[in-house]
Amino acid sequence: MTLRFVQLAARDPEPLRREPYDRWLTLDGDPTLLFFRDKGGYLLRFLDVADFAIDLAGRIVACTPAPGITDEMVADLYFNQVIPLIMGHDGELVIHASAAAAEGAAIALVGSTGRGKSTLAGAFAQAGYPFLTDDGLILDLVGEGYVVRPRRPILRLRADSETALLALPEAARSAAGEFAKCRIAASAEIPFQIDPVPLSAIYILREPAGREDVAIAPLSPAAALSELIGHSFMLDVEDRPRVRAHFNRLAELAVRADCHTLDYPRRYEALPSVIDAIISHARSRGTDL
Amino acid sequence: MKIDDRLEISPEVVAREVGGETMLLDLASGTYFGLDTVGGRIWQALEDGASLAEACDRIEREFDVTREQLEHDVLALAGQLIEQGLATAA
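Chains D and F supply the protein sequences, listed in that same order. Counting in numbering that gives the first Met the number 0, the first sequence runs from 0 upward without gaps. Counting in numbering that gives the first Met the number 0, the second sequence runs from 0 upward without gaps.
I should point out that these hints are in silico values taken from the structure, not numbers from a laboratory. Fair warning: there could be bad hints in the mix.
To be verified - Derived Cβ-Cβ restraints for the label pairs, each shown as a range: (1) GLN68(F) to GLU237(D): 32 to 42 angstroms; (2) ALA244(D) to ALA89(F): 24 to 34 angstroms; (3) GLU7(F) to GLU143(D): 36 to 46 angstroms; (4) GLY39(D) to ALA27(F): 52 to 62 angstroms; (5) VAL64(F) to TYR267(D): 28 to 38 angstroms; (6) THR30(F) to ARG17(D): 31 to 41 angstroms.
This structure is a prediction, so every number in the text was calculated from the model and none was measured. For glycine and all other residues, C-beta sits at the position ideal for the given N, C-alpha and C.
Based on the sequences and whatever the hints tell you, model everything.
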């Protein structure tokens, strides 16, 4: 996918008098991203952070950050949100998920922002299972199964996750970025998977129920489809041919992939045993692990 | 709605069988619906242009269910499909 990215001077966002045709909400129900049509393309407004004007015909994305927003924050949004949305529009299958490679196969962790995707990916990496992405999981259907494409060798963690999980030298850290997350570059301690690997299983992170054990339950293909629909990247929900194709791609994934729900104790010290339980479960499924 | 009626499926609906169940996507509203195995078979019959009674004939051959129960279920599903805008009475 070829795109040209242009970053314009920071300025306060111009008020838009029209209604967005779509919006993303946080887990608390607050809007975080508004979708507008604009000059034959799209305008994505990440509230209080940046506007991204997308010219699909010219394959140009122009970002106007709000004052005080760093280049790193712009890059995070561009790579983790804007590019996946455009890829989805172009017909690729992109899911809100992190992933790690274990014994040559990928374990995908699907969930909304704040559910623990990046923390788990970090914990996998720390345990020696290289991460493939911390969001915007790209899946290619190859033969009968899916292959996961590696993305950015950067993990974005909340400051408390970083402190608890990763005993990294100070130099490897950056200042807290957008949504109070820190940026961790891949390293020998936090390895990144460079090559694509086949998908082993998908785990959908449940809302924490305060449990002390690891609970993994199978999802029927129909239930998996319902979950995946809510965790996929779709730029234009009113573009019916694309919505139809997107639905069919997700249905294919739901049928072919081994999908489960996952809940686990949200305590950092429990993460090694959580990782062991997931690996052990994936192995027991007789997949590529 | 009577058992001899036919439904016209909305062209805005995409149906997809997923692991024995049928998922419906209404492109007009962006809403998703799920049908169990029997519901999916009824939907398939209606998509083929069968009347509700003809849909019952098909299901009766495949599943162990009384005609009375089947007609009740088919009429109920037809009402729900119409109510949700997924079909109209032909």
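Taking the hints in turn, this is what the structure says about them:
no., hint, in the structure
1, GLN68(F) to GLU237(D): 32 to 42 angstroms, "holds, 41 angstroms"
2, ALA244(D) to ALA89(F): 24 to 34 angstroms, "holds, 28 angstroms"
3, GLU7(F) to GLU143(D): 36 to 46 angstroms, "holds, 37 angstroms"
4, GLY39(D) to ALA27(F): 52 to 62 angstroms, "violated, 24 angstroms"
5, VAL64(F) to TYR267(D): 28 to 38 angstroms, "violated, 53 angstroms"
6, THR30(F) to ARG17(D): 31 to 41 angstroms, "violated, 24 angstroms"
Figure legend: structure checked against the earlier numbered hints; hints not met, in rising order: 4, 5 and 6.
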